[in-house]
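**Student:** These are the residues of each chain, in order.
Number of protein chains: 2
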Amino acid sequence: MKKNYLFTPGPTMVPQEVLLAEATPLIHHRTAAFSAIMEEAARGLKMLFGTEQDVYMITGSGTAAMEAAVANVCSPGDKVLFAGGGKFAERWGELAHAFRCNVVEIPVEWGKSLTVEQVRAALKAHPDARALYITQSETSTGALTDVQAVAALTRKTNVLLGVDSITGIGVHPFRFDEWGVDIAVSGSQKGCMTPPGLSFIAVSPRTWKAVEACTSPRYYLDLTAMKKSWSKTTTPFTAAISLIRGLRTALKMIQEEGLDQVHARHARLAGAVRAAVKALGLRLVAEHPVNGVTAVWGPEGMDTEKLIKLLASKYGVTIAEGQDDLKGKVFRIGHMGYVGEADMLVAIGSLERALKELGHRFDFGAGVRAAMTALGDTENGEGS
Amino acid sequence: MKKNYLFTPGPTMVPQEVLLAEATPLIHHRTAAFSAIMEEAARGLKMLFGTEQDVYMITGSGTAAMEAAVANVCSPGDKVLFAGGGKFAERWGELAHAFRCNVVEIPVEWGKSLTVEQVRAALKAHPDARALYITQSETSTGALTDVQAVAALTRKTNVLLGVDSITGIGVHPFRFDEWGVDIAVSGSQKGCMTPPGLSFIAVSPRTWKAVEACTSPRYYLDLTAMKKSWSKTTTPFTAAISLIRGLRTALKMIQEEGLDQVHARHARLAGAVRAAVKALGLRLVAEHPVNGVTAVWGPEGMDTEKLIKLLASKYGVTIAEGQDDLKGKVFRIGHMGYVGEADMLVAIGSLERALKELGHRFDFGAGVRAAMTALGDTENGEGS
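If you're matching them up, the sequences are chains G and L in order.
The numbering used here numbers the first residue of the first sequence as 20 and each following residue consecutively.
The numbering used here numbers the first residue of the second sequence as 20 and each following residue consecutively.
Source of the hints: derived by calculation from the structure; they are not laboratory data.
Cβ coordinates follow ideal geometry from the N, Cα and C atoms, glycine included.
You may find that some hints are simply not true.
[What the hints assert, rightly or not] Interface residues of chain L toward chain G, partial, derived using beta-carbon atoms under 7 angstroms:
| hint | residue |
| --- | --- |
| 1 | G79 |
| 2 | A259 |
| 3 | G335 |
[Said to hold, decoys possible] Lysine to aspartate or glutamate pairs mimicking EDC-like chemistry, simulated, CA-CA at most 20 angstroms apart:
| hint | chain 1 | residue 1 | chain 2 | residue 2 |
| --- | --- | --- | --- | --- |
| 4 | L | K251 | G | D343 |
| 5 | L | K106 | G | D241 |
| 6 | G | K251 | L | E128 |
| 7 | L | K251 | G | E324 |
| 8 | L | K348 | L | E59 |
[Said to hold, decoys possible] A few chain L positions that, by computed beta-carbon distances, are all more than 12 angstroms from chain G:
| hint | residue |
| --- | --- |
| 9 | R174 |
| 10 | G290 |
| 11 | E340 |
Construct the entire structure; sequences and hints are all you get.
**Tutor:** Okay, here's the thing in structure tokens:
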């Protein structure tokens, strides 16, 4: 027998309650019964996004919502700013290129976070930009961006702020309205504890003016069609009925735990992993790490792909590899969504066993001990 | 207790085996284990599409695949032909408009089918068209288009043939390669007996040249990215893991029944419904009806929305209303996917009970009798 554990930064482990909600017999999507389900899910999403605006559900992966955030706002030739710094940050640039925008990158070294100074300088140099796209939680490096600080600058300008919070929502606090974010996107298979296939988008009142003026072609991802349909509590095209049912159940679980508690749990789990990594003599990739995933440089000379394969094959623990330039050098442990404290012992203990087998020299057990100490400290209100 | 029956033309009833396959714990999408699942599902789709070409799975509803079929092929200003005749047929025109094409409609009256003569004339008048988009099974009217006959004409020209077979695949025979179709799309929640959220697209070798030359912006639905990823048996963006697992199970069930038998079953069910409708003194909307859904004119003076509501509330039978201009005048019974002969007795018997309650005068029981007779006849090889 081998039990399997999924510590990847999406998909994440899904509660059996959610999976079984998805396994109930299909109902039609143009019915009052399904509208009621969608309405409940949408209320949960509004809580997670921190907004009174509608949050639209798209049948598609997170990238579909990112495309909606660009294609409905930016016209060909529009100047578009984006912050680099990771595989997903760069996706904003690729999208803006695909839609023939005049793309300006704010360069960020992988592992570093966009600074307020960089944003201030970019807004000063490009006051004519249509939008600035940033990434709250960069899944490839585990680096966190201070969305509130960036929004404090953009909201005073005409530059709209689009935020990828695909691995941020449900992990880190997000206050769409209060911070003054203009467009935010997320996905189902991360903090929302649901299988992949759904993505979400919130749009600020001032963004709608840009949407009306936008000449980029779009149909499936047309925000105006979503808004029109949502006024009748439905979607322009057939909704992913079973996934939305699962989502509703997952969001109810989040609500029952309490959103503040959910955020605090993620901070606790991340703290435990960081303490363990340090105790094992390893280094984080990110200078300012996120709470949903921890990217770690492998031990000197060790191919991290080997480590990841061993963890999966021998210990049933799936973690993620480094992406693009980080492939073979980095491993990433996901701890977002349906993850508890005990799960961290599984992840870190198994990591120690595999590291030892591959020849890394360290105080065996030090990782688990450090994690448990960190968890105990935060429980007692002593940790950070 | 009220048991519920879903006789809508998508979503359709989903076998419990499929729902439970979706309810298994999540695995990561970039693993050999998931690639093996996708490969098996893709083999099943190739059988349904009748092609040796790859069939790509898109996380999105059927319209996402339709957009991919336009946005990857047609550039702004390209002349694009489409056949009208229903809500979904018109979607091709809307998509081509959205992508700034020079759109030419081949007008088809709702309920009628596109004729070979119309296609011949359109190809003669517009030999410079990039593509012709048609609808095999028009879900809003229940009208069937002879795709083979249309393809026999387009394949001799430079005009690419795109086919919406969203409610066709798995119901009617489809021979992508043999007929010479260039692009075909379908969805999960129809003949494929899976919840909504996935769509599929097949692309002919000669279409790839158009894809390379196409200047329309696209990213999430970019076919070239799908092709590149599929060469490594993966998807460009996170796949809808649970839905693809369900799909694999559903396609295995179709394979076990035998595709010819599946098509024959749909013909049998459709024949039974048509016989019943006639026996109740009602008329079909479609001149050449499809086998997956039957659209019926309501009795003179009866608001079909009332009928549909009564069927759902009192009898637990969900059928679909008329769309756009047909709203209130038409009802549609879906009989595609996981539907057996006995299900037709439920649908037609309940329809009779509701019709009687609303004052329609007819020989009570005649519908069920006609359906059973038709089923018996075809079983004995006497029917059509």
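**Student:** Confirm or reject each hint.
**Tutor:** Right, here's what the structure says about each hint:
A hinted interface residue such as G79 of chain L counts as satisfied when its beta carbon comes closer than 7 angstroms to some beta carbon of chain G; here the least separation is about 5 angstroms, so the hint holds. The criterion of a C-beta within 7 angstroms of any C-beta in chain G is met by A259 of chain L, whose closest approach is roughly 4 angstroms, and the hint holds. The restraint placing G335 of chain L at the interface with chain G is violated, with a minimum CB-CB distance near 11 angstroms, outside the 7 angstroms limit. Between K251 of chain L and D343 of chain G, the direct Cα distance comes to roughly 16 angstroms. Compliance with the 20 angstroms bound is thereby established for this hinted pair.
For the given pair, K106 of chain L sits about 18 angstroms from D241 of chain G by alpha-carbon distance, which is consistent with the 20 angstroms threshold. With a C-alpha separation of about 29 angstroms, the suggested pair K251 of chain G and E128 of chain L falls outside the 20 angstroms cut-off, and the hint is violated. Simply put, K251 of chain L and E324 of chain G have alpha-carbon atoms about 17 angstroms apart, close enough for the 20 angstroms limit, and the pair holds. Restraint check for K348 of chain L and E59 of chain L: not satisfied, since their Cα atoms lie roughly 43 angstroms apart, outside the 20 angstroms limit.
Residue-level check passed: R174 of chain L sits 28 angstroms from the nearest beta carbon of chain G, beyond 12 angstroms. Even its closest Cβ contact with chain G, about 25 angstroms, leaves G290 of chain L beyond 12 angstroms, as expected for a residue assigned away from the interface. With a closest Cβ-Cβ approach of about 8 angstroms to chain G, E340 of chain L is found to fall inside the 12 angstroms limit, against its non-interface label.
The structure does not agree with the numbered hints 3, 6, 8 and 11 stated previously, though it agrees with the rest.
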